[in-house]
Each structure stands twice: as C-alpha cells, then as structure tokens.
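> Listed below are the residues making up each chain.
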Amino acid sequence: MKILVLNCGSSSIKYQLFSMAGQNWDVIAKGGVEKVGLKGSFMNYKKENGEKIVFDGEIIDHKTGIDYILGVMLSKKHGCLSNLGEIDAVGHRVVHGGETFSSSVFIDEKVIDKLEESVSLAPLHNPPNLKGIYAIQQLIPDVPQVGVFDTAFHQSMPKHAYMYAIPYSLYKKYGIRRYGFHGTSHRFVLNRACEIIGVDCNSVKIISCHLGNGASIAAIHNGRSVDTSMGFTPLEGLIMGTRSGDLDAGVVTYIMDKEMIGTRSASVLLNKHSGMLGVTGISSDSREIYAAAEEGNELAKLGVEMYDYRIKKYIGSYAAAMGGVDVLIFTGGIGENEKRTRAGVCKGLEFLGIDIDEDVNNSTRGEEMVISKPEAKVKVMVVPTNEELVIAQDTKTIVEKL
Amino acid sequence: MAELKVEPIESYALSNKVKVKTLFSRIGVIGCGTEAQGIARIASWYGMEVVLVGRDKGCVEVALDGISKELDKRIQSWGLTPSEKRAIMGRIEGSLECSSVADCDFVIEAIPANPETGHRDLVERKRIFRDVEKVVSEDAIIATNATNIVITELASELNKRERTVSLHFFINSPEAKIIEVVKGLYTSDDVYERVCKFVEMVKRDVIPVMESAGIVSMRLYVVLLNEAIYTLMEGIATMTDIDKTMRIGLGMRFGPFRTADLIGLEKVVIWMDNLYEEFGQQKYKPAPLLKRLVRAKRLGMHTGAGFYKYDESGNLISEDFLSMKIG
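So the protein lines, in turn, are chains A and B. If you use the numbering used here, the first sequence corresponds to residues 1 to 402, in order. If you use the numbering used here, the second sequence corresponds to residues 1001 to 1327, in order.
These aren't lab readings, by the way, just hints derived from the structure by calculation. Keep in mind that the hints are not guaranteed to be accurate.
Unchecked claim - Here are the computed lysine-lysine pairs in the DSS-like style, where the Cα-Cα straight-line distance is at most 30 Å:
1) A:K114 <-> B:K1073
2) A:K52 <-> B:K1005
3) B:K1309 <-> A:K39
4) B:K1134 <-> A:K39
5) B:K1177 <-> A:K258
6) A:K77 <-> B:K1005
7) A:K35 <-> B:K1005
8) A:K14 <-> B:K1197
9) B:K1297 <-> A:K39
10) A:K63 <-> B:K1057
11) A:K39 <-> B:K1057
12) B:K1005 <-> A:K47
13) A:K258 <-> B:K1069
14) B:K1073 <-> A:K272
15) B:K1197 <-> A:K35
16) A:K258 <-> B:K1073
17) B:K1069 <-> A:K272
18) B:K1203 <-> A:K272
19) A:K63 <-> B:K1203
20) A:K77 <-> A:K131
21) B:K1291 <-> A:K39
22) A:K131 <-> B:K1085
23) B:K1085 <-> A:K258
24) A:K377 <-> A:K396
Stated by the list, open to error - Some, not all, of what chain B presents toward chain A, calculated at C-beta under 8 Å:
25) Y1012
26) I1236
27) A1237
28) Q1281
Note that the Cβ used here is the ideal one computed from N, Cα and C, for glycine as well.
Model the full assembly from the supplied sequences, consistent with the hints where possible.
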C-alpha cells in the first residue's frame, strides 16, 4: 500500500510517499516545494537511496507544485512509481478542524464544505490545506483523500478546560474557545511512549511537551487530551522561539495604545518579535541562546530560565488537573535534542516523582529513551515525533474501511 | 553525503500543459521619488521582484535607502521583522538602464515632479513609455501612477495602446488599502483585469474609475482643503482644531492640513490648477494662503515646513506654526 502525505503551507508543500509492507512503513520519496507562486520557486526531492535533487522552475500555485511532485515520482529518471494508480490514498495535514472534526476523516464534498466554513478560524493555514485537496481532486480524482487535523486530538477536552472566561455569546458567535494544536504529534508520542514502556495508554496520566519552533504541552488522561496550552490560536501557552505564549491581555491593549499600533502590528509583535527572540534579543534558536548564556549573557540566561519555568508551571498544573502524572514526554526539535532544557524543566520536580538520570539525559539526543532514574515514580521519556507517519497510518485505517 | 543535483523542473509536468508564466513575478518601477519607492516597497512586500530604474547612481541609492528607512519604521512599530525586511530589500534591484525591465510583465512609470516647476515632465514620461515598449514582451502592461488626465495621451505614444493603464497608489497613507485603477480610452478589458489581479496580489482593493482629472480622491480632497483654509482664514477655528475635528469627528486618518503637508503643497497646487483648468469651477482654485506657502517654499513635511513645522525625520515639532490669532 502506498500513501502520499501532503502538508500544504501558504507558500510551501511538504510531501512524503510511504510504502507499507507488512507492518513496516518505508518512506520511498520525500521533500518539499518552496516559494510557491513566488520568484525562485523550487522543489527538493530525496530518493529512497538518499540521493537528493533540486528541481528549479516556475511553480505558480499549489496545483502546479503537486503536479510536479507526481510528475517526478512517475519519471523514468528519478521516479519511484510506474503509474499513478499505485498511490492508494492521499493524507493531508489540516491545521484547523474547528469543533466539527474530532478525528481524521475521509474527505468528501460535505467535509470540504465544512473545511471552507472553518477558514475564518485559521485564515493563514486552512486555505492552502484546501488548495492541496482540490489539486489532488483534479489531478488524480479517483484516489481517496483523508484529512488529519492538528486540533482533532484535543476535541476530547472537557468544556471547563476549553472555555475562556469571556462573554459566552462570543463563543456562540465566533467559536472563540481553546482548540489546541500539535494534536497529531501529541497523539503519536503518547502511543509510542506507551509501546516502549509496555503500558496500556488507557490507564496512564501523561504530560507531553512538544518543544519546537512552536511549543505546546498537553495533559493526556487515559489516552485522551484533557487540556493543552495552545488555545484559540497557536500563540497561547509556552514561551516559543518568537511567540510570547501566555500574556496578560491588558498588556496587549496597553502596548497598542502606547505604541499607537493596530491589530496587524500587534499580531506581528506577539508572534514574531516576542518569545525567546524578544527576551534575549539574540535569536529564536535555542542553540545560539545557550551559547550566549554560557558566555555570561544575562538576557540569554534570563530567557532560558523563563522558558524552563513556564513549562514547569504547566507540568505542575496538569499534574493537578489529572490528579498525578505517570509519564512525562519530551518531543519536538528542542525536546528531542536539548538536554539542558530537559534538565532545567525537571529540576525541582522531584516532589512529583520526576527525577532524571543526569548521565542518561546528557547522552540522549534525538532518540527514543527513558531518561528518568529506574526507581523514579514518573517515567520521563524522549520520543521523537513523526506527524507524517500518523497521517499515513490514519489514512490507511480510514481508506481500508471504505 | 550524497551530491546535490539541480535540474530544471518543466519537463516533469504531469500534464503536458503549456508553460505558464507566473503573473507579476517581476515588475519594473521607473523613477526614484517617494511614489516610486512606495510602489516598489509594496510590490516587494508581497513577494514580487522589483527593478527600480533611476536616472543616475545617486538617485537609485537615495531611493533604496529611502525604502530601507521606511521598512525600519515598520520594524520599530512592530509591523515587520528584520529578516522580513532583508527579504523585501533583497527582492528590489536598482538599475540605471531602462532595458533592465525587459523581463517584467508590468512596468509602472512613477518619475517625480521637477522640483523647480513642480510638474512631472510629460515629454520625459512619453519617452519612457516608448523606451519601455521597445524592450518588454508583447503582453507586458505599461502603467503610470497619476491622478490627472494623462494615460490616454501617454498610450497614444505606443504601438500597442491597449496595454496601458493608470494607477493611483495612496503612498502617503500606507494603511489605505485601496488603489484607484483608471481605465484610459485605449485600455483593454484584459489588461484592466490583469491589473486588478495585481492590486489583489498586493492585498488592496480596486477602486475602478474612469479617466478624469483628480479622479475621486484628489477631486474631493482639494475642495476640502480649500474649505479648511477659508475656515481658518475666517478665524472660525485654529488649524490644529480643524485637523482634529476632521480626524476625530469624521474619522480621517490625518486632518486636511496634515494631509497636504504629507502630500506636498506644490503637488496639491498643481492638482488644483489642473482641476480648475478642466472644470473651470472656482471651488478648485487654490486658496491664496496655499499659493503663498508654495511661493515661500514651505512645501510640507519634505521641506521641513508647510502648514506645520517638522524636524529632519519628519516628526511634527510645532503645532502652532501657522496659527492665526483668532479675533
């Protein structure tokens, strides 16, 4: 079975072609199209043997980009398919499923209508996702398509966790509530963690930290998300590379008054000028910040302390929300690779049963590993995420039932 | 590490469709004044490559520096990040040769007015239109940025007259997300539609207008300015309060006096003369005070003083520069 996974952004398309043989999923081609609709557009393509090719040329829109992706996969010179019929299904990453989608779905006309309705909730992300869906409809119309939502996993949150304390009428009018993101990643690492340590995910309390450019943390009780730090938009919660995370809303209106800026600039301020970049003034890249901190830069040290402290507060509150915690997972670029962040977050949480083995933590980088001490009550784990694989697996499950 | 290979993508198209060119991937802007800078900045902001053509090296440098400073202001007011600025600047290329717009599918003439006469040299603009047509492709669009009746006259210089259109960018108020698109006598529907597409790509709304002096914005504005000046002269209210009334009371971004300073009083006078000449109505005749300020070279923000007084970076330093004693 071969499944194409697409992640269409505003000017990019990421793709992976999975082939499933037995229980094994192999990636037989992957890459991305960049600068869609802009000058200097190109396509990266990595073959199964590791060979990399860059294709240069005008790629005017998402449909053209996908046309080329399929064209290259079919080509004699670089291809991995003998005909397009070999593609059994296409799985799409869709950012926002609103309240309509609590799991992955087979995409039919009704689903497309619902997705069109949800554009107002994610005006930057959902339109390109839809473009990818329309392109596949036109290029390979007989191939079933599946939508996998970033928000779906968190639809299990109870109402007292997802509502904001603002007039209820605004929830009714605009759907303003916490939706949460990174759901596909949290779902993947929770299942993988349970597999690794051999426990039933329906009987554990897990806190999952996805720490990448964007960062979110989720409380997962018996396999279901019961709370998460990102909210109506991916701006809330943890401190991120360039996003502020939690902030007194009074600060926003005060800044807008003082700096005489409108909503657009305020949004750029909080999404792009803030977070670790804003605090340290150095970079949004954690490696550069740690390097500066080690050289004695005070703001870099402060940034690192704030970053870890925010995560620690969330771990405490989610442990309280679930009445305990059994497993703490680190994933995402920083969670998987940055031992200093993991150590900084866990420090002082021994009272909760979180106690990491310093040596194991220090030697773990981008691999699956239990980093807590054997006798510790809470299993602390590093689990690299793989959202594309979840999309492929969901797609397979759904199309097999058709 | 496998060696990285680079190949052209065209031959891999699934459907052997005709090669389509990205619409407006590269545009040409002729001129280096504030209008040209504004147009180049807006187009590049939205991902287009821009060739900015100037008379000499000095003025191209001044123009690029002007765009850079304008973007710095956006960074200071949190609307842009330094890396986004680098990308925007990286898409703008300065040039001294008209021929460098050859591969642009849209060229906008926006030469500044002669500082002595206050007029944009029509002979020069006609020459630019002819020169541009010589180098661009068959279906390239040639436009001017203007608020007066000129596009049909410029079009008549060309072999393919239907490829012309006139635009009016609201350079002085960046928040004004509209562009007046003027259809000349020769402008074809296809060209007009493509230009509307361009306007959409720079995230602005099209205000379709017919060729007419002052189009909508300036025709209405100059009358307001004249009335504001007479209101001031009659001692009804101070200049600051007139501006404040229009700003707060009627929701204008700036009041009529501040707006005039931002545009440049010499330009306003030319528009008014043009309207007066066209329609012959007294209401368009520049008020004496306006003429007096122009004669005194108090031309607005760019000269440090107009109705108000400004510092070197264009910040208002005196609110009462011109306040009359109210008797």
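> Now look at each hint and say whether the structure bears it out.
Here is how each hint holds up against the structure:
With a C-alpha separation of about 41 Å, the suggested pair A:K114 and B:K1073 falls outside the 30 Å cut-off, and the hint is violated. In summary, the hint linking A:K52 to B:K1005 is supported, as the alpha carbons are separated by about 7 Å, within the 30 Å threshold. Between the alpha carbons of B:K1309 and A:K39 the distance comes to roughly 43 Å, so the proposed pair goes past 30 Å and is violated. With a CA separation close to 24 Å, the supplied pair B:K1134 and A:K39 stays within the 30 Å bound.
A C-alpha spacing of about 24 Å is found between B:K1177 and A:K258, which places the hinted pair at or below 30 Å, so the restraint holds. The hinted pair formed by A:K77 and B:K1005 meets the criterion: a straight-line CA distance of about 13 Å does not exceed 30 Å. In summary, the hint linking A:K35 to B:K1005 is supported, as the alpha carbons are separated by about 19 Å, within the 30 Å threshold. Of the supplied pair hints, the one linking A:K14 and B:K1197 holds, its CA atoms being roughly 27 Å apart against a limit of 30 Å.
Proximity of B:K1297 to A:K39 is assessed by CA-CA distance (about 44 Å); at most 30 Å being required, the pair is judged violated. Pair hint A:K63 plus B:K1057 does not hold up; C-alpha atoms about 42 Å apart against a cutoff of 30 Å. The hinted pair formed by A:K39 and B:K1057 meets the criterion: a straight-line CA distance of about 26 Å does not exceed 30 Å. For the hint linking B:K1005 to A:K47, the alpha-carbon distance of about 12 Å falls within 30 Å, and the restraint holds.
Between A:K258 and B:K1069, the direct Cα distance comes to roughly 22 Å. Compliance with the 30 Å bound is thereby established for this hinted pair. Between the alpha carbons of B:K1073 and A:K272 the distance comes to roughly 16 Å, so the proposed pair stays at or under 30 Å and holds. In summary, the hint linking B:K1197 to A:K35 is supported, as the alpha carbons are separated by about 19 Å, within the 30 Å threshold. Between A:K258 and B:K1073, the direct Cα distance comes to roughly 16 Å. Compliance with the 30 Å bound is thereby established for this hinted pair.
Taken as a hint, the B:K1069 and A:K272 pair is honoured in the structure, with Cα atoms around 20 Å apart against an allowance of 30 Å. For the given pair, B:K1203 sits about 20 Å from A:K272 by alpha-carbon distance, which is consistent with the 30 Å threshold. Annotation: proposed proximity of A:K63 to B:K1203 holds, straight-line Cα distance about 22 Å (limit 30 Å). Of the supplied pair hints, the one linking A:K77 and A:K131 holds, its CA atoms being roughly 28 Å apart against a limit of 30 Å.
Taking the CA atoms of B:K1291 and A:K39, the gap is near 47 Å; set against the 30 Å cutoff, the hint is violated. For the suggested pair A:K131 and B:K1085, the alpha carbons sit about 28 Å apart, so the restraint of at most 30 Å is met. Restraint check: the Cα-Cα separation between B:K1085 and A:K258 comes to about 24 Å, which is no more than 30 Å; the hinted pair holds. The suggested pairing of A:K377 with A:K396 is violated, with an alpha-carbon distance near 37 Å, which exceeds 30 Å.
Because the smallest distance between the Cβ of B:Y1012 and any Cβ of chain A comes to about 4 Å, under 8 Å, the interface hint for this residue holds. Checking B:I1236 against chain A by beta carbon gives a least distance of about 29 Å; that is not within 8 Å, so the hint is violated. Residue-level restraint check for B:A1237 is violated (minimum Cβ-Cβ distance to chain A is 25 Å; threshold 8 Å). With a least beta-carbon distance of about 38 Å to chain A, the hint placing B:Q1281 at the interface is violated under the 8 Å criterion.
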